[in-house]
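Trainee: Residues 2 to 484, numbered by the numbering used here, are exactly what the sequence shown covers, in order.
Treat the hints with care, as some may be off.
SDA-like cross-link-like pairs, simulated, lysine to any residue; straight-line CA separation at most 25 Å [as the list claims (entries may be wrong)]: (1) K187 <-> T100; (2) K46 <-> S113; (3) K275 <-> K187; (4) K46 <-> K64; (5) K299 <-> Q395; (6) K64 <-> L99; (7) K299 <-> W480; (8) K46 <-> A408; (9) K476 <-> P117.
Using C-beta positions, here's what the derived DEER-type ranges look like [stated by the list, open to error]: (10) S157 <-> H208: 34 to 40 Å; (11) E215 <-> E101: 38 to 44 Å; (12) A367 <-> P156: 50 to 56 Å; (13) N354 <-> I281: 16 to 22 Å; (14) E215 <-> N110: 48 to 54 Å; (15) L116 <-> N218: 31 to 37 Å; (16) R279 <-> D451: 27 to 33 Å; (17) S371 <-> P233: 22 to 28 Å; (18) E309 <-> R59: 56 to 62 Å; (19) T100 <-> T142: 15 to 21 Å; (20) S157 <-> D333: 46 to 52 Å; (21) P434 <-> S387: 18 to 24 Å.
To be clear, the hints were calculated from the coordinates, so they are not data collected in a lab.
All of these numbers come straight from a predicted model, not from anything done at the bench.
A virtual CB, placed ideally from N, CA and C, is assigned to each residue, including glycine.
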Amino acid sequence: MSGPQPSQPDEVNLYQTPTRWARYPLTAFDGSFERSTFLTGWLVKGVIDTKTLSHALRRLTEKWRVLAGRLESVEGTKNWQIAVPLSVLPERYRTFVLTETTSDVPLSNYISLPLPAVSDSLPQSLFLHASTPRQNLDWVTRDNPLTCWHVTHFPSRSASEPAYSCVGFARSHGVFDGIGAATVMKALVAEMRGNEWKVPLLPPEGHNPNPIIELLNRAAPSIEGVEVPYSPLGLKGSLWLVGWHLRERYWRGATHQIFVMPQECISLVVEPVKGDIRTISPDLVVTTGDVLVAWFLKVLYASGTAAETVVHCSNFANFRDLIQQAGGKSLDDYPHNAFLPLPYPTLTVQTINSTPLPELTQQLCASRHSLSLSHVAAAHHIMTTSKLTMPVHQAAQDTLVISNVSASRIFETDWSPVSSEGTICSYRFSATPNNLVFGNGVYISGRLSDGSTVLDVNLNAVRMENLARAIGELKSRLWVESV
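Based on the provided sequences and hints, a complete structural model is requested.
Mentor: This is the structure in C-alpha cells:
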C-alpha cells in the first residue's frame, strides 16, 4: 500500500474522523516511559512564521500517517497501541497541535547573549503549552494528536534588539524515542524546504504485529545469565526513587544548566585517550562518546560522594540495528522506543577515581561492544513480567544517566525555512504529571556552528561545581599551550 486510500463513495463520515485504520502494539520499551512527555526546544533568532510551519506540519502528517494517528489503550490490559488512519483525513480531524504566544518580558530576563559558557536552562514553559498531556493516559482520554508544537515569540523592542523565538516539540516518551524524534524533524525540515523525502509505507488495514516483539518471539535468544540494568521497583522502590530525586533537587541543590564545551577542550580529553587505547588494544573501536562517558564519571564523582557508594552509569543505546541483523524488519522508519542502557558494570566511587581514564574508557567501550539481542530480550522479559520497571541497576546506590543525541543532529535542525536567522541553543526537558525533575543526568545535545558541544545537565551543586571546574581547567590548559 503506497499511499492514503480514499474513502468509498458511499461512506458518510458524520464524526470527522478517518474511516479506515491500521493498528499495532507498542512494546514494554515504550510502556516504561508512559508517564513522561519528552520535549526538545530551540532558541532561534528571528520571528518564526507559524503559518508556514503549520502548512508544513499538515503536509508531513498527511504523508507520514503514523504521525497523524492516535495513542490507544488496549482494552483489558495495561498496554498501548498506535492507531494509524488510512483513509482521507477529514478537514476537522487534528493531526498535530500548534500553539503560540508572545512573551510580555524580553529574552534578557532569562538569558544573556551571546550564549555564555554556563547558563541556567530556559524555563520549560517557553517551549511547552500548559495544555500538553504529561502521560499516556492523558494523550488517550483527550484524543490528542501525537505531536505538539509550541512557539513563544520575543519581538524586537528597539532597532538594536533582534527578535527571538522559542520553538518546542513535545511528544509522549511512551511513544517516541530520541532517534524517532530526530527522524520526525528531518522529515519536517524537508517539508519546510519543499524537498522530497522517503515517506514510510502505510501498514495494512487492521491489526498488525510490532516488529520488535515479532523478531524477539521468532529468534528467542537465550536470556539465561544475561544481566541488564533494569529494576522491578514496586511501591517501596518507586517511593525510594522519587525520594532520591527529591533529595537531589531540594537538599543537594540540583539545577538544570547548559554548558558550552569548546571543541578544543573535547579534543584535549579525547585524543590522548584514543591514542593510548590504540596502543593497548588496537582492535578495539573507541568513540568520542566512550571517552566522554568515562570522563564524566571521573569528573562528577571526584568529590562529594562517599568512596564506597556503588554507581551505575545508565547510558542509553539504540538497538534498531540488532533487530535487523537478527533477521527482523528494518526499523529505519520506526519512531518508537528502541533503546536500552548499555551493560556497563557497577563501580564504586573509589574505583572510578583510582582507575586511569584510558583504562576506564576501555572497560566501558568493551561493555558497549558486548550489547546483544540477548540483552534486548532480557530487558523486554523483565519489563513484561514486572508491574513497574525502571532502567536502574539493582545493585546501584547512585545512577548517572547519560544520553548522547549529538549524532542524531536534532540540535542542528534548520528552522530558516520558517524565518529563523539561526539557532542559538537547544534544550531538553522531561515533563511529568507530578513535575518530578530527575536530578543526575548529562545529555550531550549537539554542536553549535563553531563546533562547540552543548551539554544539558541536571546535577546537584557539588557535581555541577566539579563539572564547571574540570571544563575550566581544560580551558586554562589551552590558554597556557597557546602562549
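Trainee: Does each hint fit the structure? Answer for all of them.
Mentor: Now for the hints, and whether the structure bears them out:
1. K187 <-> T100: The hint holds at about 21 Å.
2. K46 <-> S113: Holds. K46 to S113 sits at ~13 Å (cutoff 25 Å).
3. K275 <-> K187: Distance ~32 Å between K275 and K187 Cα, so the pair is violated.
4. K46 <-> K64: Given pair K46, K64 is violated - Cα atoms ~29 Å apart, limit 25 Å.
5. K299 <-> Q395: holds, 22 Å
6. K64 <-> L99: Status holds; Cα separation ~18 Å.
7. K299 <-> W480: Satisfied, since the Cα-Cα distance of roughly 23 Å is no more than 25 Å.
8. K46 <-> A408: holds, 24 Å
9. K476 <-> P117: holds, 14 Å
10. S157 <-> H208: 34 to 40 Å: Violated - the Cβ-Cβ distance for S157 and H208, about 53 Å, lies outside 34 to 40 Å.
11. E215 <-> E101: 38 to 44 Å: holds, 41 Å
12. A367 <-> P156: 50 to 56 Å: Since A367 and P156 have Cβ atoms about 53 Å apart, the given range 50 to 56 Å holds.
13. N354 <-> I281: 16 to 22 Å: holds, 21 Å
14. E215 <-> N110: 48 to 54 Å: Holds, since E215 and N110 (Cβ atoms, about 51 Å apart) stay within the stated range.
15. L116 <-> N218: 31 to 37 Å: violated, 48 Å
16. R279 <-> D451: 27 to 33 Å: About 28 Å separates the Cβ atoms of R279 and D451, which means 27 to 33 Å holds.
17. S371 <-> P233: 22 to 28 Å: About 23 Å separates the Cβ atoms of S371 and P233, which means 22 to 28 Å holds.
18. E309 <-> R59: 56 to 62 Å: holds, 57 Å
19. T100 <-> T142: 15 to 21 Å: Holds - the Cβ-Cβ distance for T100 and T142, about 19 Å, lies within 15 to 21 Å.
20. S157 <-> D333: 46 to 52 Å: violated, 42 Å
21. P434 <-> S387: 18 to 24 Å: holds, 21 Å
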